[in-house]
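J.: The lines below spell out each chain.
There are 2 protein chains.
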Amino acid sequence: MAKEITPRSQDYSQWYNDLVIKAGLADYSAVRGCMVIKPYGFAIWERMQQILDGKFKETGHVNAYFPLFIPKSFFSKEAAHVEGFAKECAVVTHYRLMNDGNGGITVDPEAKLEEELIVRPTSETIIWNTYRDWIKSYRDLPLLINQWANVVRWEMRTRLFLRTTEFLWQEGHTAHATAEEAIEETVKMLNVYADFAEQVLAVPVIKGVKTANERFAGALDTYCIEALMQDGKALQAGTSHFLGQNFAKAFDVKFANSNGQLEHVWATSWGVSTRLMGALIMAHSDDEGLVLPPVLAPTQVVIVPIYKSQEQLDALNAQIAPLKDALKRAGIRVEYDNRDNHKPGWKFAEYEMKGVPLRLAIGPKDLEAGTAELARRDTREKTSVAFNSLEQLIPALLDEIQDKLFQKALNFRNSHITEVNSFEEMKEVLDNQGGFVSAHWDGTPETEQKIKELTKATIRCIPLENKQEAGLCVLTGKPSEQRVLFAKAY
Amino acid sequence: MAKEITPRSQDYSQWYNDLVIKAGLADYSAVRGCMVIKPYGFAIWERMQQILDGKFKETGHVNAYFPLFIPKSFFSKEAAHVEGFAKECAVVTHYRLMNDGNGGITVDPEAKLEEELIVRPTSETIIWNTYRDWIKSYRDLPLLINQWANVVRWEMRTRLFLRTTEFLWQEGHTAHATAEEAIEETVKMLNVYADFAEQVLAVPVIKGVKTANERFAGALDTYCIEALMQDGKALQAGTSHFLGQNFAKAFDVKFANSNGQLEHVWATSWGVSTRLMGALIMAHSDDEGLVLPPVLAPTQVVIVPIYKSQEQLDALNAQIAPLKDALKRAGIRVEYDNRDNHKPGWKFAEYEMKGVPLRLAIGPKDLEAGTAELARRDTREKTSVAFNSLEQLIPALLDEIQDKLFQKALNFRNSHITEVNSFEEMKEVLDNQGGFVSAHWDGTPETEQKIKELTKATIRCIPLENKQEAGLCVLTGKPSEQRVLFAKAY
Numbered sequence: 012m013a014k015e016i017t018p019r020s021q022d023y024s025q026w027y028n029d030l031v032i033k034a035g036l037a038d039y040s041a042v043r044g045c046m047v048i049k050p051y052g053f054a055i056w057e058r059m060q061q062i063l064d065g066k067f068k069e070t071g072h073v074n075a076y077f078p079l080f081i082p083k084s085f086f087s088k089e090a091a092h093v094e095g096f097a098k099e100c101a102v103v104t105h106y107r108l109m110n111d112g113n114g115g116i117t118v119d120p121e122a123k124l125e126e127e128l129i130v131r132p133t134s135e136t137i138i139w140n141t142y143r144d145w146i147k148s149y150r151d152l153p154l155l156i157n158q159w160a161n162v163v164r165w166e167m168r169t170r171l172f173l174r175t176t177e178f179l180w181q182e183g184h185t186a187h188a189t190a191e192e193a194i195e196e197t198v199k200m201l202n203v204y205a206d207f208a209e210q211v212l213a214v215p216v217i218k219g220v221k222t223a224n225e226r227f228a229g230a231l232d233t234y235c236i237e238a239l240m241q242d243g244k245a246l247q248a249g250t251s252h253f254l255g256q257n258f259a260k261a262f263d264v265k266f267a268n269s270n271g272q273l274e275h276v277w278a279t280s281w282g283v284s285t286r287l288m289g290a291l292i293m294a295h296s297d298d299e300g301l302v303l304p305p306v307l308a309p310t311q312v313v314i315v316p317i318y319k320s321q322e323q324l325d326a327l328n329a330q331i332a333p334l335k336d337a338l339k340r341a342g343i344r345v346e347y348d349n350r351d352n353h354k355p356g357w358k359f360a361e362y363e364m365k366g367v368p369l370r371l372a373i374g375p376k377d378l379e380a381g382t383a384e385l386a387r388r389d390t391r392e393k394t395s396v397a398f399n400s401l402e403q404l405i406p407a408l409l410d411e412i413q414d415k416l417f418q419k420a421l422n423f424r425n426s427h428i429t430e431v432n433s434f435e436e437m438k439e440v441l442d443n444q445g446g447f448v449s450a451h452w453d454g455t456p457e458t459e460q461k462i463k464e465l466t467k468a469t470i471r472c473i474p475l476e477n478k479q480e481a482g483l484c485v486l487t488g489k490p491s492e493q494r495v496l497f498a499k500a501y
Numbered sequence: 012m013a014k015e016i017t018p019r020s021q022d023y024s025q026w027y028n029d030l031v032i033k034a035g036l037a038d039y040s041a042v043r044g045c046m047v048i049k050p051y052g053f054a055i056w057e058r059m060q061q062i063l064d065g066k067f068k069e070t071g072h073v074n075a076y077f078p079l080f081i082p083k084s085f086f087s088k089e090a091a092h093v094e095g096f097a098k099e100c101a102v103v104t105h106y107r108l109m110n111d112g113n114g115g116i117t118v119d120p121e122a123k124l125e126e127e128l129i130v131r132p133t134s135e136t137i138i139w140n141t142y143r144d145w146i147k148s149y150r151d152l153p154l155l156i157n158q159w160a161n162v163v164r165w166e167m168r169t170r171l172f173l174r175t176t177e178f179l180w181q182e183g184h185t186a187h188a189t190a191e192e193a194i195e196e197t198v199k200m201l202n203v204y205a206d207f208a209e210q211v212l213a214v215p216v217i218k219g220v221k222t223a224n225e226r227f228a229g230a231l232d233t234y235c236i237e238a239l240m241q242d243g244k245a246l247q248a249g250t251s252h253f254l255g256q257n258f259a260k261a262f263d264v265k266f267a268n269s270n271g272q273l274e275h276v277w278a279t280s281w282g283v284s285t286r287l288m289g290a291l292i293m294a295h296s297d298d299e300g301l302v303l304p305p306v307l308a309p310t311q312v313v314i315v316p317i318y319k320s321q322e323q324l325d326a327l328n329a330q331i332a333p334l335k336d337a338l339k340r341a342g343i344r345v346e347y348d349n350r351d352n353h354k355p356g357w358k359f360a361e362y363e364m365k366g367v368p369l370r371l372a373i374g375p376k377d378l379e380a381g382t383a384e385l386a387r388r389d390t391r392e393k394t395s396v397a398f399n400s401l402e403q404l405i406p407a408l409l410d411e412i413q414d415k416l417f418q419k420a421l422n423f424r425n426s427h428i429t430e431v432n433s434f435e436e437m438k439e440v441l442d443n444q445g446g447f448v449s450a451h452w453d454g455t456p457e458t459e460q461k462i463k464e465l466t467k468a469t470i471r472c473i474p475l476e477n478k479q480e481a482g483l484c485v486l487t488g489k490p491s492e493q494r495v496l497f498a499k500a501y
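In the order they appear, the protein sequences are chains V and Z.
The first sequence begins at 12 in my numbering and counts up one residue at a time.
The second sequence begins at 12 in my numbering and counts up one residue at a time.
Source of the hints: derived by calculation from the structure; they are not laboratory data.
Be aware that a few hints might be false.
Chain copies aren't distinguished; within one or between two, either way the pair holds.
[What the hints assert, rightly or not] Below are the DSS-like pairs computed for lysine-lysine, each with C-alpha atoms no more than 30 Å apart in a straight line: (1) 68 <-> 339; (2) 415 <-> 33; (3) 98 <-> 499; (4) 319 <-> 461; (5) 66 <-> 365; (6) 199 <-> 339; (7) 393 <-> 339; (8) 68 <-> 265; (9) 66 <-> 339.
Bound conformation, chain V alone (with noise of 0.2 Å):
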């Protein structure tokens, strides 16, 4: 029997949970908050870490390697960030459990640490007291270096991907002898994510500076990229912030320029996490599952054999054998599923739940007439080809739908970009259609903080190169000089 999930139009929130669990994306695990990524989601995330690892490696960056744990009192030594990253933290007291005498164990009271220990949220704190070893001199700069890694935040309200106590991210900490530098360099990988979510995940992203409510704790600007998602929710898919000196202040970083004087560095970070993940399934997917841009999809094609006969069977597996060499040949991700365990139909609808761009279907008939079905995906058309052009169709195929499935989350999102003049006005579009709207702030965090109480909505960037507008506050009248984008977010 098909699996079945919860229509978007009836439960939209239950539709992704339903997805994610019946595609076999992830799983909830035993521990609050954490979740089990299961093998098809790892490979999706697989891909999309050696995507961007290729493009980290291209703009000069390499990978190292820092602790888990963070002393406690690091988080003390820079003011903003331990306001907003020490709180919810999970916190390693003890480094010992013993027998309770009754079968279980429990902990060793004896084995108390002296200092307590931090799982870490972020590793600036850590990765700042090391480069204070490593930066001596203007020739150790810049230093590039990126980590994959596991952090923990201690959330309240958890979703799978999208908002997990642990999650799997990459953060960038990079060291510059000048503030332009850094700047340069958190525009660039600003950069990288936009062009990473545009042309690999097929979703469109709007480029934008946070307002100080929303800044990264410890930054003195933070960039992002927002996109859109089916329910006119807003998602942050990706943060690039331009540090300062704070953090080597905080941990007594500088280096000798080339006139022999001591200054301290400047820094900045930057990362993506399994959020992304996310933002892909809820960008593209419908009623029947996944959909998947065929730059990340596992599986691109997949080749179903029709058959009720062994002997029909091994004329088609003669007939299928050369056009997957061949695929595979031209770097195509194709998988041949003559497996007897499942009927075709059962088969069709398990790889449209997990998002396979391209089915073909072979059958006797097909392989008198030499034709096949193709199936599409993304708009799930059914077509009969022939069978001798699929070599030359496939590849261009799979670059259609990969455009095609960007242009139209784009017409989506442009569609719902909504100018207001009016507070009402603004209220009655974050109701009623979502998306986001373009309304002129004070600037002032009060009227921010306001605005969201009132509406739930926050604001989600300053875009870059923001047309340059006289206005007045929706909230307050105030004169405003330029509209930003507010919308409810995830």
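Could you slot chain Z onto chain V? The hints should help.
T.: Just chain Z now, with coordinates in the frame of chain V:
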């Protein structure tokens, strides 16, 4: 000035530490027992990961990710496992910090977990708790899953790479319908590890089975590969465990067989870790620094220009650029270091320290004569070679170096396996030449323990396909059916 490290003859242990630090492989961290893996060390580990991951996938495995935290009660479910693992662990007891009123932060006593969480020392328990939901029928088997992850074991005495509180590893966890299949998998993965050690790390290993004393906590049988370091101490480089039905019983994981009857599932687990970096370093390196097998070297060939004037450098750049391109096209990892920051002598010492297998130096006289100076890191031989032979010569030479390193380590290992027939002889060999001692043992844990107390040597393994040979135990004189391998070990 060239960096210097303590000679091996003077202090082997200090030589190792110096080398790890000065070659830029790893660094101490602010957290007791945890290391920082520096970019150069991580680049080598990444290559290991990439090659191993390919081998896992070729043998039908997929990757997934399970939570970092394990509920304390899970460890009590498998009796042997708790004894072996749950004792020296990092324990998370709280999930929030608060301001202490003096500018610092303190653990919030209100935020105490009902059940403590253990930072995973290994993941059998959380994974088998998850497999309960994934395995219902024989059709769900085998389940062949691997995870790349960080793990924590609270070690009292730590050494960079060899024994650290946190380390990186992979852990395979497979589920099977029969004992035979599970044993086949255990041995298959042992062979994957052995081939990897010999062909990639160029480190010869002995495949064997552990005695009960040295077995993984919860396993019915632990298979291992054992390598020999230059100081005559053994190093366990990887293990593969046949877990029987122990974890399936502890976590109630049953499957319906093809007759519809419920049976407990059979399990294996297998892992290698960043400890392999320690094996790699200690197997090949010398008093000048790291010696890397070409398959793993991040840079296989470095080209250093020798020049006095910019004109000379321009001429060298023009000559070397096409060679570099040609080598890159041939898949060789080549670097041309024409940076003006250091003299050639400094660069030579630096690349020796970092273990780059081949170094080319080319100066104005070479340009005229059509030659280059080629230096091998492993033998430290320098020869003058025809410049236009390099494109052919270098790939062949890299293969030769890979073979030679393995042969050298194999000869050393083979000449350090000594058959002994009395306890005095055993002690004499262990105290003087070191290496493996092949000796009769009466098969009891008590005798093994006694020998360990008297010699510090443990039974490294009972080699696979071991010759059966009647003899008398070196300690007790009781009858024995085979010799086993003893050694002092890391």
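J.: Would you mind marking each hint as holding or not holding in the structure?
T.: Here is what the structure says about each hint:
Both within a single protomer and between protomers do residue 68 and residue 339 lie at most 30 Å apart by alpha-carbon distance, with minima of 27 Å and 16 Å respectively. For the identical chains of this complex, residue 415 and residue 33 are intra-copy neighbours only, at 25 Å inside a copy versus 52 Å across copies, given an alpha-carbon limit of 30 Å. Taking the closest pair of Cα atoms, residue 98 and residue 499 come within 30 Å of each other only inside a single copy of the chain (25 Å); across copies the shortest separation is 47 Å, beyond that limit. For the homomeric pair residue 319 and residue 461, neither the shortest alpha-carbon distance inside one copy (67 Å) nor that between copies (68 Å) is at most 30 Å.
Within a single copy, residue 66 and residue 365 get their C-alpha atoms as close as 27 Å, and across copies as close as 26 Å, so both meet the 30 Å cut-off. For the identical chains of this complex, residue 199 and residue 339 are inter-copy neighbours only, at 27 Å across copies versus 35 Å inside a copy, given an alpha-carbon limit of 30 Å. For the homomeric pair residue 393 and residue 339, the shortest alpha-carbon distance inside one copy (23 Å) is at most 30 Å, but the shortest distance between copies (45 Å) is not. Taking the shortest Cα distances, residue 68 and residue 265 sit within 30 Å of each other inside one copy (26 Å), while across copies they are farther apart (46 Å).
Taking the closest pair of Cα atoms, residue 66 and residue 339 come within 30 Å of each other both inside a single copy (24 Å) and across two copies (19 Å).
The structure does not agree with numbered hint 4 stated previously, though it agrees with all others.
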